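K.L.:
Take the sequences, apply the hints, and build the full model.
So for the sequence shown, my numbering puts the first residue at 1; every next one is plus one.
Keep in mind that the hints were calculated from the coordinates and are not lab data. From a predicted model like this one, the values you see are computed outputs, not experimental measurements. A few of these clues could be false.
To be verified - Across the chosen pairs, the derived CB separations fall in these ranges:
(1) Arg146 with Asp247: 21 to 27 Å
(2) Asp462 with Glu517: 33 to 39 Å
(3) Ala224 with Asp27: 41 to 47 Å
(4) Pro373 with Leu145: 53 to 59 Å
(5) Arg81 with Gly226: 32 to 38 Å
(6) Leu452 with Asp531: 20 to 26 Å
(7) Val160 with Pro373: 32 to 38 Å
(8) Leu190 with Asp506: 43 to 49 Å
(9) Tyr516 with Arg211: 55 to 61 Å
(10) His122 with Gly177: 40 to 46 Å
(11) Ala153 with Leu199: 26 to 32 Å
(12) Leu452 with Arg350: 33 to 39 Å
(13) Asp403 with Ala503: 18 to 24 Å
Claimed, not checked - Lysine to aspartate or glutamate pairs mimicking EDC-like chemistry, simulated, CA-CA at most 16 Å apart:
(14) Lys501 with Glu523
(15) Lys391 with Asp351
(16) Lys501 with Asp529
(17) Lys501 with Asp531
(18) Lys391 with Asp403
(19) Lys391 with Asp404
(20) Lys501 with Glu517
(21) Lys391 with Asp340
Yeah, the Cβ is synthetic: ideal placement off N, Cα and C, and Gly gets one too.
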Amino acid sequence: MGSPDRLADIYPSVREVLDLPAVREGDAVVRAGAGSLDRAVRWTHAAEVADVARLLKGGELLLTTGVLLPADDAGLAQYVRGLAAAGVTGVLVEVGRRFDRLPDAMVDAAEATGLVLVELTHEVRFAAVTEQVHARIVDAQLAELRASDEVHAAFTELTVEGAPPTEIVRQVARMSGRPVVLENLAHQVLAVDPSGEDLATVLDGWEDRSRAVRVRERTGYDAASGWLLTTVGARGQDWGRLVLVTDAPPTVRDSMLLERGAATVALSRLVERDRESLERQSHRTLLTGIIAGSVAHTETMARAQALGVPLEGRALVSVLVRLSVWPAGPALETQERLRDFAESVSAAVRDIRAVGLVGGVDDATVGALLSLPPREDVDRVLERLSVALAKRAATGRVVVGADDWVMAVGSIVSSVRDLRRAFLEASQVADAAPSGDEGVARPYYRLTDVRLRGLLHLLRDDDRLQTFVERELGPLLTHDAQHATDLVGVLRTYLASGRNKSAAADAAHMSRPSFYERLHRIERVLSVDLDSVESCLSLHVALLGLDAIRR
Numbered sequence: 001m002g003s004p005d006r007l008a009d010i011y012p013s014v015r016e017v018l019d020l021p022a023v024r025e026g027d028a029v030v031r032a033g034a035g036s037l038d039r040a041v042r043w044t045h046a047a048e049v050a051d052v053a054r055l056l057k058g059g060e061l062l063l064t065t066g067v068l069l070p071a072d073d074a075g076l077a078q079y080v081r082g083l084a085a086a087g088v089t090g091v092l093v094e095v096g097r098r099f100d101r102l103p104d105a106m107v108d109a110a111e112a113t114g115l116v117l118v119e120l121t122h123e124v125r126f127a128a129v130t131e132q133v134h135a136r137i138v139d140a141q142l143a144e145l146r147a148s149d150e151v152h153a154a155f156t157e158l159t160v161e162g163a164p165p166t167e168i169v170r171q172v173a174r175m176s177g178r179p180v181v182l183e184n185l186a187h188q189v190l191a192v193d194p195s196g197e198d199l200a201t202v203l204d205g206w207e208d209r210s211r212a213v214r215v216r217e218r219t220g221y222d223a224a225s226g227w228l229l230t231t232v233g234a235r236g237q238d239w240g241r242l243v244l245v246t247d248a249p250p251t252v253r254d255s256m257l258l259e260r261g262a263a264t265v266a267l268s269r270l271v272e273r274d275r276e277s278l279e280r281q282s283h284r285t286l287l288t289g290i291i292a293g294s295v296a297h298t299e300t301m302a303r304a305q306a307l308g309v310p311l312e313g314r315a316l317v318s319v320l321v322r323l324s325v326w327p328a329g330p331a332l333e334t335q336e337r338l339r340d341f342a343e344s345v346s347a348a349v350r351d352i353r354a355v356g357l358v359g360g361v362d363d364a365t366v367g368a369l370l371s372l373p374p375r376e377d378v379d380r381v382l383e384r385l386s387v388a389l390a391k392r393a394a395t396g397r398v399v400v401g402a403d404d405w406v407m408a409v410g411s412i413v414s415s416v417r418d419l420r421r422a423f424l425e426a427s428q429v430a431d432a433a434p435s436g437d438e439g440v441a442r443p444y445y446r447l448t449d450v451r452l453r454g455l456l457h458l459l460r461d462d463d464r465l466q467t468f469v470e471r472e473l474g475p476l477l478t479h480d481a482q483h484a485t486d487l488v489g490v491l492r493t494y495l496a497s498g499r500n501k502s503a504a505a506d507a508a509h510m511s512r513p514s515f516y517e518r519l520h521r522i523e524r525v526l527s528v529d530l531d532s533v534e535s536c537l538s539l540h541v542a543l544l545g546l547d548a549i550r551r
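P.N.:
Laid out in structure tokens, this is it:
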């Protein structure tokens, strides 16, 4: 039923029982345990036998005339101690049948154990006492049940509606009439409702105050701070606490309310994450079907419309966000990272108030099909999307730097029939687009931006391109492999700097003499003149071809 101090929130206290009409008839006198009169009475029990303690569960108020109690003081003291050990709340003894006055042995033992010992100086109808006490208990239980139903109905409605944590916190504050704060494990406030109090006062020095409050149980009361706290989490992963700021010891209803609020917040977060995951899964399935050409056009339009993305009469923009740098790891970890990155892309699309399908399409690529109004400035939308994604990627669960991904865009189309071609075009652009360390990165790339890189990417499986690359760079690649040097990197930096040796040396973070010496070594290994424009052009094409082949 709960601990004795919490039972007082539901059941009548000994003090309240002594004020009942049936008890007042006995002119009750408290002989011991006056400090425990506010203890709760869970039930009443009339018994005369001396060993009744073994039959009790705790919280009972015992009624007796004492006619069968031990005759000696030691036995009476042991009787009282046994009742206290059993958790009995108090004992009402009617004198006149066995005792004219309660023996000192009983009074002393009761005072020592904190047991309420009451002397009824006049005859009392025990049945009437029991009836009145139990009526109070039943009323209290019904009131608790009604309160529980009210809480259950309120938070069930919030759950069904998919209410955010702020709304749930507001409901807890409204039903408790006290300020409520939701914090994370770093003691940062995620949501708060001051319940009419000054917000600045409620949150003043919150982190320091919160760190000082610790409770052992998942739900507990800290008297020093006046906080009732409960842990928030689901699936064995706790991520925060819900705090009820109170100026008095909380009631059982307060605890129930706070715990139900915490459970609803945890479920809300869990459902939100699952909803997003299901949304991403649905988007991914449709996107991969479009790219593979395995979904009929009419089905594509119907499924997209059902997902809230209309495709008819819209400007359709195929976007692939390719991760150029990705840490190696187990396959499951890689999939989880890609899912998190897909959420970042989806959030970026929402940030710019665009509508589209977003989902992972392979192990390193997130696809997005943007559905824009026909007269929308597509370039402006893509620029805003790039900026929003950079912010999201830098602060997401998996941090991705601005140089670690490229955004490739296919041709803008108006028909679902052309989407597969547009995505394939975007894929070619993503493959050919330079990474962040190969020059100044663009917000996004189209086919016209990759130019020669795009052509060489299309020819990457051609034996003639591979032969050309090997003829131009083979000796230098072999030299680097044998001597653990990076002359290919030096050559790349030199050509990327427009054959400006000073600028190239600075870009390579090398002294000019050292950089010049490496250029001379390249000339000897390749038997070329780096002052020759034609030679440098041929080597540059070979380097771009090497990138295409390696990718």
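K.L.:
Provide an ascending list of the numbers of those earlier hints which the structure does not satisfy.
P.N.:
As far as the earlier hints go, not one is violated by this structure.
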